[in-house]
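When you get a sec, could you build the whole thing from the sequences and use the hints?
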Amino acid sequence: MLRFTLRRLVLAALVGIAVSFIAFMLLRVSGDLAIALAGEDASPADVERIRQEYGLNRPIIVQYGEWLWRALRGDLGRSLFYPESVANLILTRLPVTLSLAGMGLVVAIVIALPLGIVAALRRNTWVDRTALGIAVIGQAMPNFWFGLLMIFVFGLALGWLPISGSDSFAHFIMPAITLGWFSAPVLMRLTRGGMVEVMTSDYIRTAHAKGLPARVVVLKHALRNAIVPVVALCSVQFGNMLSGSVVIETVFALQGIGYLAWEAISRRDFPVVQGILLLVALFYVVLTLLADIANAWLDPRIRRG
Amino acid sequence: MRLKVAFGKLDAMANRVAMVPHQLGQGGMGRMKNDAVGRPSVVTTIKEAPSMRRLLLAAVAMAAALTTGMPPVMAQPAQNTIRWFSDTEPANLSPYFNSTREGVIFGFHVWDAPLYRNLQTGEYEMHLAESVRVVDDTTIELRIREGIVAHNGDTVDARDVVATVEFALNPASQLTNLGRTRWLSGAELVDDRTVRLRTPAPFGPWQEYLTTLLIIPRASLAGGRDGMGRNPIGTGPYRVTEVSPGQRIVFERFDRYFGGAKGRPEVEKLIFRRVPEANTRVAELLTGGVDWIWRVTPDQARNIQRRRGVTVASGGTVRFHYLQMDAAGRTGTEDNPFRDLRVRRAVNHAIDRAGIIRNLVGEGADLLQTPCHPDQFGCVQEGITRYDYNPARARELLAEAGYPNGFTVNMGGYRERPWAEAIIGNLRAVGITANLQWAQYDAYQRATREGQMRLAYGSWGSTSLFDIANSTSYFFRGSPDDLTRDPEVMALLERGDNTTDPAARREAYAAAIRRITEQAYWAPLWTFPLTYAHNAQLHFTPTADEVPRFYRSRWNR
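If you read the protein sequences in the order shown, they are chains A and B. Under our numbering, the first residue of the first sequence is numbered 1, with each subsequent residue one higher. Under our numbering, the first residue of the second sequence is numbered 306, with each subsequent residue one higher.
Hints were generated in silico from the structure; no laboratory data involved. All C-beta atoms in this analysis are idealised placements derived from N, C-alpha and C, irrespective of residue type, glycine included. Please note that a few of the clues may not be correct.
Partner residues aside, some chain B positions facing chain A, computed with beta carbon under 10 Å [stated by the list, open to error]:
hint, residue
1, N397
2, T405
3, E407
4, L480
5, D531
6, S549
7, P550
8, R553
9, K574
10, R578
11, E582
12, G594
13, Q745
14, Y746
15, A841
16, L843
See the structure below:
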């Protein structure tokens with residue numbers, strides 16, 4: 001297990017370096033940082049002065065090498081725009097995104113699991129079709145549109161929930177439902193597929209034959225096997241929510257990592273972009289690791305290799 | 306029941322979106338007028354195909370209509386606080402380290418400059434300085450007012466002016482906003498209250514630039530870029546008491562403020578928050594979550610102005626839009642139609658500027674005939690060549706120039722895309738096929754500067770400076786953004802920029818502008834309007850320079 005974990009950590013470092021290198025190059029060839037720093041009304045002389053003062057006239061590979069050397073020593077550098085270190089900037093925004101993604105995942109699971117189970121148990125009935133319909137709607141509807149509908153109904157018309165910001169738990173309810181609703185369909189379909197397959201297994205028939213109550217058969221014996229791929233997918237979905245919640249953060253004015261990343265990319269604040277990419281890459285590796293461990297716990301066959 | 310009706314309407318609109326492809330620039334129909342009490346109101350009938358964004362705006366608007374039973378917009382007079390939301394937050398609050406419009410507004414409220422431009426009279430008034438004297442063509446002497454106190458309690462005097470200029474001119478400071486000090490070459494202390502500013506050459510618009518030279522107390526300068534950003538200290542009517550990047554920025558009234566030309570503020574506290582999504586800002590205004598928003602689109606303005614407790618008002622800006630043509634042949638002289646005066650005039654005649662303003666740009670915009678904003682010093686309107694909307698004449702001119710069937714050209718652009726597409730529609734009507742090359746600003750600017758742009762649709766804010774030294778001179782005095790390179794124009798503008806006598810400046814600028822319009826080097830389009838929406842109990846007057854003065858605002862109690 002230790003060797004497995006170490007291997008994963010080395011992999012994480014390599015993934016981080018590869019991602020940061022590609023991102024650095026793409027970001028630098030896609031636009032001119034000196035112009036972005038100087039602003040719209042700056043003169044060419046201003047832009048040139050900034051280019052020299054910030055060392056942007058040096059070869060890109062030299063600039064990347066400097067960044068990497070500092071990053072390897074734990075220094076992610078300073079933002080070119082904010083008066084903050086990149087680490088501090090990320091740490092300030094991370095709790096918002098973690099809260100949003102965590103609550104979004106809970107919402108997704110709460111929607112997906114019951115619907116998936118019911119759809120599998122009532123296969124090819126109106127219940128199944130309704131559940132599938134909900135899944136299709138959830139995936140087809142753009143999340144910014146759904147978010148604004150939520151604002152329209154619960155913020156404006158009913159006045160039940162705050163519209164924007166991250167001051168309290170109530171501020172996260174609409175964003176979390178929006179995020180979770182968008183992620184639920186894929187989890188629901190996987191749950192349904194797994195349950196359909198498991199429910200036709202011999203051991204389930206045996207469990208029924210032994211006279212076990214249907215609740216125990218479904219929740220203890222069937223679900224435990226059907227949920228294994230769902231757990232793996234949950235980790236991926238959580239990673240997606242952490243890195244891809246920019247639209248939700250924009251609509252609800254949540255100041256999280258997603259919005260920070262979008263802002264940093266559009267400004268070409270490359271130390272911040274690099275820092276966030278490293279973080280997201282590490283998140284994915286760690287989440288995959290955690291999913292493997294969870295699956296091993298759920299399924300003894302995996303534990304035994 | 307109301308909700309059901311609203312969703313029914315929403316479905317109908319969604320069907321329209323599904324059926325009608327989004328063709329921007331095909332002509333919304335809108336107009337603005339004053340209501341019965343003379344308050345500006347927006348009466349817009351949009352006929353262009355609704356985009357998803359418009360649909361969302363409609364949703365918010367319908368919510369406004371539905372919520373008449375809700376409590377009226379909650380007012381903030383009791384707290385004597387203005388909460389304002391905008392889509393952008395300056396990453397660094399120091400006026401020398403950000404170039405955002407919000408940063409300019411913060412600058413006006415937290416810091417002060419030697420002079421202040423009175424927007425009502427157009428006169429320069431003494432502010433931090435109690436007197437200003439031109440010593441010679443390259444030296445300006447400032448006598449700083451006595452009793453100026455910084456937010457940290459320090460006394461501010463001429464030494465702070467010298468320190469600010471030296472800090473700004475030092476490359477090690479790594480300024481990102483160089484516009485405030487690029488005209489200076491140094492500062493010299495005469496005594497504790499007197500300072501002499503040096504310019505490298507005679508500099509005509511020095512008074513205008515003295516209104517933007519924000520003085521940073523020495524203690525704050527010591528903190529450098531990051532220190533100034535985290536803990537901004539100024540002398541202005543408001544002091545910054547909380548900086549939570551991405552969360553909020555709080556300003557509190559500075560009770561030891563000297564007043565000067567700005568006067569003492571009435572409102573005690575300002576709370577700024579960034580809310581990037583326009584619909585969310587409107588929703589917050591309608592539910593009382595915010596007191597003041599801006600950059601309200603004509604659609605939003607139309608929809609919310611009927612709402613009880615909300616005031617919608619429009620104001621001008623110094624920003625203007627234009628179409629640049631490569632008359633200099635920087636993209637090549639072979640097959641370059643814009644080398645021909647008749648083609649450039651045809652473009653000017655082809656664009657229905659009044660129609661686009663009426664239908665898309667909205668109230669507050671004015672039709673532009675000059676390569677500068679009419680409110681800017683030197684932007685003369687007399688004796689210039691004007692081009693009316695005349696597609697038939699445009700086609701004649703193109704035929705005379707050897708393009709009876711028109712031609713195809715790439716057109717660059719980076720903002721207000723629907724307006725650009727409306728222009729393309731006008732050009733197509735006379736035979737010019739303009740393919741829109743949409744890009745981020747830096748890519749657009751790089752293409753222009755590297756001579757890759759034959760036709761460019763742009764926008765210029767002049768950093769809110771009311772002098773054409775920062776607009777016409779920038780675009781026609783040989784800078785990399787100059788697509789004209791006319792030696793006669795360059796010489797005239799240089800003469801205007803490098804003399805301190807206002808009459809001589811005006812004369813030189815007038816000749817330059819007449820030459821530019823006669824040669825139709827640009828197709829000037831329109832001035833850029835700005836629409837505000839705020840709590841009706843807030844007394845707020847829009848200004849012409851895109852800088853809301855909260856220190857002049859108050860709550861009606």
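Evaluation of the provided hints:
This hint holds: B:N397 has a C-beta 5 Å from the nearest C-beta of chain A, less than the 10 Å allowed. Satisfaction of the interface hint for B:T405 is found here, the shortest Cβ-Cβ separation to chain A being roughly 7 Å, below the 10 Å cut-off. Here the hint on B:E407 is broken, as its CB sits about 12 Å from the closest CB of chain A, past 10 Å. Because the beta carbon of B:L480 sits about 8 Å from the nearest beta carbon in chain A, less than 10 Å, this interface hint is met.
The beta carbon of B:D531 is positioned within 10 Å of a beta carbon in chain A (closest approach about 4 Å), and the interface hint is therefore held. The restraint placing B:S549 at the interface with chain A holds, with a minimum CB-CB distance near 8 Å, inside the 10 Å limit. At its closest, the beta carbon of B:P550 sits 6 Å from a beta carbon of chain A; the interface hint therefore holds under the 10 Å criterion. Interface hint status for B:R553: upheld, as the beta-carbon distance to the closest one in chain A is roughly 9 Å, under 10 Å.
Given hint, B:K574 at the interface with chain A, is violated; its Cβ is 17 Å from that chain's nearest Cβ, farther than 10 Å. Taking 10 Å as the C-beta cut-off, the interface hint given for B:R578 holds, the closest approach to chain A being about 7 Å. Annotation: interface hint on B:E582 holds; nearest CB of chain A at approximately 5 Å, less than 10 Å. Hint status for B:G594 relative to chain A: holds, with the closest Cβ pair at about 6 Å, below 10 Å.
With 10 Å as the threshold, the beta carbon of B:Q745 comes within range of chain A, its nearest partner Cβ sitting at about 6 Å, so the hint holds. With its C-beta approaching chain A no nearer than about 6 Å, B:Y746 sits inside the 10 Å limit, and its interface hint holds. Taken as an interface hint, B:A841 does not check out: its beta carbon lies about 18 Å from the nearest beta carbon of chain A, beyond 10 Å. With a cut of 10 Å, the hint placing B:L843 at the interface with chain A is violated, because the nearest CB-to-CB distance is about 20 Å.
Of the numbered hints given earlier, the model fails hints 3, 9, 15, 16; all others are met.
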